[in-house]
Every structure is written in C-alpha cells, then in structure tokens.
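Here are the chains, one letter per residue:
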Amino acid sequence: MSEKPRVSLAPVRLEYRASAGRGLSRSLAALMEGRIVGQRCPVCAKVYVPSRGACPSCGVVLSEDVVVSETGTLVSFCVVNIPLADRSLPLPYVHGSVLLDGADIPFSHLLQGLPVEEVRMGLRVRAEWVPGPERKPSLESIRCFRPTGEPDAPFHAYMEHL
Amino acid sequence: MMAAREVAIVAFAQSPSVRREWARDDVELLLPVIQDALSQAGVRKEEIGFTASGSSDFVTGLPFSFVLALDAVGACPAIEETHVEMDGAWALYEACVRLSLGDVDTALVYAFGRSSLGEPRDVLGMQLDPYYVAPLAPDAISLAALQARALLDSGRATERALAEVAARSRRNARSNPNAQLSGDMVPETLLEAPYFIAPLRRHDCPPISDGAVAMVLAVGDKARAASSRPAWIRGVDHRIEPHGLGMRDLTRSPSTALAAANAGVAQGKVDVAELHAPFTHQELILREALGLDGDVDINPSGGALAANPLMSAGLIRIGEAALRIMNGSAHRAVAHATSGPCLQQNLVCVLEADS
Ligand SMILES: [Zn+2]
Numbered sequence: 001m002s003e004k005p006r007v008s009l010a011p012v013r014l015e016y017r018a019s020a021g022r023g024l025s026r027s028l029a030a031l032m033e034g035r036i037v038g039q040r041c042p043v044c045a046k047v048y049v050p051s052r053g054a055c056p057s058c059g060v061v062l063s064e065d066v067v068v069s070e071t072g073t074l075v076s077f078c079v080v081n082i083p084l085a086d087r088s089l090p091l092p093y094v095h096g097s098v099l100l101d102g103a104d105i106p107f108s109h110l111l112q113g114l115p116v117e118e119v120r121m122g123l124r125v126r127a128e129w130v131p132g133p134e135r136k137p138s139l140e141s142i143r144c145f146r147p148t149g150e151p152d153a154p155f156h157a158y159m160e161h162l
Numbered sequence: 163m164m165a166a167r168e169v170a171i172v173a174f175a176q177s178p179s180v181r182r183e184w185a186r187d188d189v190e191l192l193l194p195v196i197q198d199a200l201s202q203a204g205v206r207k208e209e210i211g212f213t214a215s216g217s218s219d220f221v222t223g224l225p226f227s228f229v230l231a232l233d234a235v236g237a238c239p240a241i242e243e244t245h246v247e248m249d250g251a252w253a254l255y256e257a258c259v260r261l262s263l264g265d266v267d268t269a270l271v272y273a274f275g276r277s278s279l280g281e282p283r284d285v286l287g288m289q290l291d292p293y294y295v296a297p298l299a300p301d302a303i304s305l306a307a308l309q310a311r312a313l314l315d316s317g318r319a320t321e322r323a324l325a326e327v328a329a330r331s332r333r334n335a336r337s338n339p340n341a342q343l344s345g346d347m348v349p350e351t352l353l354e355a356p357y358f359i360a361p362l363r364r365h366d367c368p369p370i371s372d373g374a375v376a377m378v379l380a381v382g383d384k385a386r387a388a389s390s391r392p393a394w395i396r397g398v399d400h401r402i403e404p405h406g407l408g409m410r411d412l413t414r415s416p417s418t419a420l421a422a423a424n425a426g427v428a429q430g431k432v433d434v435a436e437l438h439a440p441f442t443h444q445e446l447i448l449r450e451a452l453g454l455d456g457d458v459d460i461n462p463s464g465g466a467l468a469a470n471p472l473m474s475a476g477l478i479r480i481g482e483a484a485l486r487i488m489n490g491s492a493h494r495a496v497a498h499a500t501s502g503p504c505l506q507q508n509l510v511c512v513l514e515a516d517s
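Quick mapping for you: the protein sequence lines, in order, are chains W and Z. 1 is the number of the first residue of the first sequence in this note's numbering; add one for each residue after it. 163 is the number of the first residue of the second sequence in this note's numbering; add one for each residue after it.
Hint data in this document are derived by calculation from the structure and do not stem from the laboratory. Nothing here was measured: the structure is a model prediction, and the numbers come from that model. Keep in mind that a hint or two might mislead.
[Stated by the list, open to error] Computed footprint of chain Z on chain W, listed as stretches where at least three residues anywhere in the stretch have a Cβ under 8 Å from a Cβ of chain Z:
id: 1; segment: 12 to 21
id: 2; segment: 45 to 56
id: 3; segment: 59 to 67
For each residue, glycine too, the CB sits at the ideal point set by N, CA and C.
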C-alpha cells in the first residue's frame with residue numbers, strides 16, 4: 001500500500017476582544033504615570049499588586065486603591081536558560097517574584113544588574129521604568145528590577161509572602 | 163433523578179443581561195450576584211458545603227477562566243468545588259447529586275458568560291464534530307435555520323407561529339428588569355421583517371448577552387430555614403442525542419421527552435414553564451416534547467429570546483421557575499436547559515412548593 005494519506009485542512013480561528021476589568025484597569029493606568037497601584041482588601045487588609053477585582057481569600061470587592069513603593073524584595077526566582085521568542089536577553093537571566101514594600105502578594109518580573117550566580121532570596125530591588133512616552137498600560141512599563149545595594153531582607157520579613 | 167434527600171432552591175440572583183459588559187471582568191460581574199444569592203439565603207460563604215459552576219473558556223477566550231472566576235467565591239479556607247464546561251444548569255444537576263450523598267446540606271451554584279467577547283455563532287461552531295461538520299464551518303444560527311426549515315416543512319409549524327413566540331417573549335420580558343430585549347410586539351409586524359438567515363428573522367434568534375447567575379441549594383430543614391417558600395426539586399434529568407446532525411430528526415426532541423418522563427413532568431399540573439429555547443422554533447419543539455398544554459404560562463421571564471448569556475441562560479431558566487415558586491405565583495413549575503447544536507442535549511427539572 002503506497003497510497004499517501006489524504007489530508008484535508010480545516011483551519012480554525014476565533015477572535016476575541018478582552019477587557020481588563022475595573023480593578024486591573026486602574027492599576028494599568030497608573031503604570032503609564034510611573035506609579036505602582038494595588039488594592040487593599042476591606043476584610044483581611046491584604047494589598048494586591050497589580051490590583052484585581054476581588055480578594056480571592058475573602059470573596060469581596062476590592063475598592064481602596066493603594067500606591068505601593070517601587071522598591072521591594074526578591075522572594076523567589078528562576079534562572080532562565082531557554083531563549084523565549086519575544087526576548088533578546090543574553091542567557092542565562094533571572095525572572096523573579098518581587099514583593100514590593102507595602103504589598104502582600106509578590107508578582108513576577110525580570111531581574112537585571114547582578115550576575116546570575118549572585119542572585120538570592122531576600123535581595124532588595126528597585127523598579128527601572130521605561131521613559132514616560134514609551135510606557136504602555138502594561139507591566140512592561142517597568143523595564144526590570146535592579147539591586148538597590150541595601151542589606152538583604154531577613155527571611156522572616158517575607159516568609160508569609162512567598 | 164429523584165433526589166434521595168429533599169433538595170430545594172432557596173435563593174436566586176442574576177445580573178441584568180446586557181449587550182456588552184465591558185467595564186467589569188468576569189469576577190467583578192459575578193461577585194455581587196453571588197453575594198446577593200448568599201444574603202437572600204442568609205448563609206455565609208463558609209457555611210456552603212459544595213460549590214459548582216458552569217462556564218466555557220471558548221466563550222471567554224481565556225484558558226482556565228473558571229479558575230480565575232473562583233476569586234469571586236473567596237475559596238479560603240479551602241472549599242469543595244467543581245466546574246462543568248457547559249451551561250450552569252448542569253452544575254446544578256451535579257450539586258443535586260452531591261447533596262443527595264448526605265454529608266453536606268448546602269450548595270452554591272453559579273454560571274457566567276460574557277458572550278460579547280467573541281463571536282457567539284462561531285464560538286458555538288467549535289462544539290461540532292471535527293471530521294464531518296466542523297470543516298464545513300456552519301455557524302450556530304445557520305444550523306438553527308436548518309432545523310427551523312425542517313420543522314416548517316414538516317407542516318407542524320408556520321412562520322406566523324414562530325413570530326407569535328417572539329412577540330410573546332418580548333412582551334413577557336417587559337416585566338423582567340434583567341431582560342435585554344422587550345417590547346410590545348405583534349406577530350403581523352414581526353413578519354414584515356426581512357429574513358436574517360432564512361427561514362429565521364432576527365426576532366427568531368437570541369440577542370448576544372453578557373450576564374451571570376447564582377443560586378443557593380439546601381436540603382430539608384436547612385432549606386426551610388433559608389426560605390419561607392423553598393422551590394423543591396422534585397425531579398431532574400438530562401439526556402443527550404447523537405452528535406451527528408444527520409442521525410437525528412431535528413424537528414423533534416426525544417431527549418427532552420425522555421428527561422421529562424424521568425423528572426416526572428406529567429405527574430401533576432404545570433403552572434409555569436421556563437424553556438431554554440434560544441430560537442423561536444425550538445420552543446415549539448420543546449413544548450411538544452414536554453407535553454405542555456395551552457394553560458401553561460410559558461417563559462414569563464421572556465426566555466432566552468430576551469436575554470441569552472451563554473452558559474448562564476439555562477441556569478437562569480431554572481432560577482426564573484424557582485422564583486415563581488418562591489414568590490407564591492406558582493405551585494408547580496418545569497424548567498428546561500439545552501446544550502449543543504439544535505437542542506442536542508436537554509435537562510428538565512420539576513420544581514414544587516410545599517403542598
Ligand atoms: Zn481579603
């Protein structure tokens with residue numbers, strides 16, 4: 001039987017328009033202005049950054065916006081050894097969880113300015129912004145985080161925020 | 163299924179259905195609806211024994227959107243939770259099964275669907291069989307039109323009968339603040355409209371709707387404590403027909419008839435029926451399959467022709483039927499939900515007040 005299998009292609013494509021929601025929209029708008037805005041839960045008082053619509057623990061609407069610091073602590077990290085399509089960064093580099101001062105939940109961002117083998121939990125870092133006119137309503141308005149040079153934060157200072 | 167324990171709907175809340183919910187995301191849409199249902203039932207989230215939801219990633223265009231939506235529930239401390247990738251009516255079925263096991267007494271059931279984010283008629287095409295039908299790329303309205311044509315050709319319906327269903331739905335929706343389309347319509351005027359996809363006119367088709375719904379279910383004395391007039395689920399059943407459209411008589415709904423028999427629809431007088439018929443001709447097929455006579459108040463809410471948030475509209479039918487038991491305007495009600503192309507799968511639920 002040397003007959004080739006017959007193939008019929010039926011491409012499928014669906015298009016969507018997404019919207020960010022009220023909570024996240026405020027956070028994204030603030031990034032355009034060079035501010036990092038989260039939201040505080042009225043029940044458990046946790047501050048979520050970037051803000052989201054609801055506190056997932058308490059199941060209530062987050063309404064109070066809170067400006068948090070652009071400095072924080074690296075609470076966890078990952079060494080990236082595979083090139084990603086949209087990145088021109090030299091390998092290896094570090095992607096980490098940053099707990100900003102005043103926030104209760106870390107978020108993930110790029111770390112630069114330190115050799116990979118020196119990166120550690122507790123490292124104090126600061127946001128480096130892209131120039132104002134180039135900012136977008138996106139976390140990409142922060143180019144990366146870099147070490148501040150301060151002494152490391154002790155483990156107990158962030159152990160509840162991993 | 164006849165529940166081994168007495169299960170009732172004790173609270174029902176929904177968002178108004180709108181053409182586009184753009185400002186709020188799914189969680190922000192759901193949160194007030196869930197809180198409304200919990201507060202009607204007088205229970206705190208920590209007291210809920212089981213949580214079941216219905217939605218579809220194909221509607222939202224986002225993988226694992228149902229996991230994100232759990233933010234609206236406040237799943238801390240950890241909860242027992244499940245999700246169906248279909249209309250929330252099937253989540254309600256699962257909750258009934260779960261409550262019948264005997265170790266939990268309350269359940270939260272919710273569903274959400276922002277149909278406007280994608281193109282619903284194409285999104286629904288994704289459920290077709292991938293070998294014979296999906297490659298032809300028929301959209302959901304075209305398939306419904308084929309079904310309507312078959313029904314008209316059978317001589318069991320007329321275009322005027324379809325227009326009468328549309329007119330009554332829009333008129334009924336005037337007293338439903340959550341409906342999207344309402345108005346004082348007469349069949350003669352509707353019949354002057356051009357065909358949308360023949361033989362369907364626009365009024366024969368549902369609107370594109372964004373919305374959410376939540377319900378609290380409770381067992382026995384818990385239900386009596388939560389509501390002065392619980393809507394007892396006396397029977398609930400769902401049945402499915404073959405995937406292949408050509409293998410079915412599209413003008414009839416044997417799966418609805420079988421589910422109705424198993425749920426006990428004919429075992430008493432039906433005061434009100436909420437039927438999930440997104441297209442006018444489908445209501446005629448369903449009425450016949452359910453054996454509903456002219457005395458039954460059909461779709462007093464306006465039905466899916468007045469508001470059709472995907473994955474929520476079926477559960478809303480059950481809620482609207484339960485509402486009429488709870489507010490005393492009906493003693494016995496039938497609710498129906500559908501899924502799949504051309505009424506492929508159907509769920510029937512019988513609700514009663516205490517006698
Ligand atoms: Zn909280």
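task = Report holds or violated for chain Z covering the segment 45 to 56 of chain W, Cβ cut-off 8 Å, minimum 3 residues.
result = holds (count 5)
message = Just to make sure I understand the rule, a stretch counts as covered if three or more of its residues have a C-beta closer than 8 Å to a C-beta of the chain. Does the segment 12 to 21 of chain W meet that for chain Z?
response = holds (count 9)
query = How about the segment 59 to 67 of chain W: do at least three of its residues have a C-beta closer than 8 Å to a C-beta of chain Z?
reply = holds (count 3)
Going down the numbered hints, you'll see the structure goes against none, and every one checks out.
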